[in-house]
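Undergrad: Chains A and B, in that order, are what the protein sequence lines are.
Just so you know, we're using my numbering here: the first sequence kicks off at 628 and counts up by one.
Just so you know, we're using my numbering here: the second sequence kicks off at 467 and counts up by one.
Simulated from the structure, these hints should not be mistaken for laboratory data.
Backbone N, C-alpha and C define an ideal beta-carbon position, used for all residues, glycine too.
One should not assume that every hint holds.
Simulated pairs of lysine-lysine, DSSO-like, Cα-Cα distance not exceeding 27 Å [stated by the list, open to error]:
| hint | chain 1 | residue 1 | chain 2 | residue 2 |
| --- | --- | --- | --- | --- |
| 1 | A | K684 | B | K492 |
| 2 | B | K536 | A | K682 |
| 3 | B | K522 | B | K536 |
| 4 | A | K680 | A | K698 |
| 5 | A | K684 | A | K645 |
Selected chain B positions facing chain A (Cβ under 8 Å, derived; list incomplete) [said to hold, decoys possible]:
| hint | residue |
| --- | --- |
| 6 | G508 |
| 7 | L509 |
| 8 | R520 |
| 9 | A563 |
| 10 | L564 |
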Amino acid sequence: DVKVTQSSRYLVKRTGEKVFLECVQDMDHENMFWYRQDPGLGLRLIYFSYDVKMKEKGDIPEGYSVSREKKERFSLILESASTNQTSMYLCASSLLRGQGGVRQYFGPGTRLTVT
Amino acid sequence: SQQGEEDPQALSIQEGENATMNCSYKTSINNLQWYRQNSGRGLVHLILIRSNEREKHSGRLRVTLDTSKKSSSLLITASRAADTASYFCAEDTGRRALTFGSGTRLQVQP
């Protein structure tokens, strides 16, 4: 079974702090994703990566950066946390596109509160 | 990118009843996927239907796809309290990332 783990389930940070959210997958997937989930807005893509050191902006990248130094690990960085970044953050991974469509595997999520 | 829309936003039924959730999308798709999310947890993939398929079954799940109307439905038959969760459709348009809808919250009363 694919396992996607996230470094924290709950995190409380102060405004202005630098925040690191870590995600690790154990299935040698090429693609990794970071989403944020807010009530009524569904999942919105922040960034994704299709290879080591490769990244692409998603729909809401402002205020975030990412790092992928190893294939299994994808980090989301909030350079200077703000209260409007309080949210549930979900990491996912998938194989590169193949025949029949590609499903994503999700981690359990990190609920971040910025005070 | 624009997100798909699920309908209804929330659904409450009794155990044993069927639950139907609908998803509308705006662009051409390669396939459409449904995911389930238990409260406060990550999403779990349920089923994938390709653009050239009209109906697909998996256990108590039945998914239909109408590409002319750009819509899909997820039917859960003989629902159980354990089916209580949020359900999301996700469009695979050929981009690397999926586009998720805003979800339907299903409550199954025992």
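Undergrad: Please go over all the hints and tell whether each is borne out by the structure.
TA: Going down the list of hints, with the structure as the test:
Restraint check for K684 (chain A) and K492 (chain B): the C-alpha separation of about 21 Å stays at or below 27 Å, so the hint holds. Among the hinted pairs, K536 (chain B) with K682 (chain A) is inconsistent with the structure: their alpha-carbon atoms are about 30 Å apart, more than 27 Å. Between K522 (chain B) and K536 (chain B), the direct Cα distance comes to roughly 16 Å. Compliance with the 27 Å bound is thereby established for this hinted pair. Restraint check for K680 (chain A) and K698 (chain A): the C-alpha separation of about 9 Å stays at or below 27 Å, so the hint holds.
A C-alpha spacing of about 20 Å is found between K684 (chain A) and K645 (chain A), which places the hinted pair at or below 27 Å, so the restraint holds. A least Cβ separation of about 3 Å between G508 (chain B) and chain A falls short of the 8 Å threshold, and the interface hint therefore holds. For L509 (chain B), the suggested interface contact is upheld, since its CB lies about 4 Å from the closest CB of chain A, less than 8 Å. For the restraint placing R520 (chain B) at the interface with chain A, the shortest Cβ-Cβ distance is roughly 16 Å, beyond the 8 Å limit, so the hint is violated.
Among the interface hints, the one on A563 (chain B) holds; its C-beta lies about 5 Å from the nearest C-beta in chain A, closer than the 8 Å criterion. At about 6 Å, the closest approach between the beta carbon of L564 (chain B) and any beta carbon in chain A falls short of 8 Å, and the interface hint on this residue holds.
In this structure, the hints that do not hold are numbers 2, 8, in rising order.
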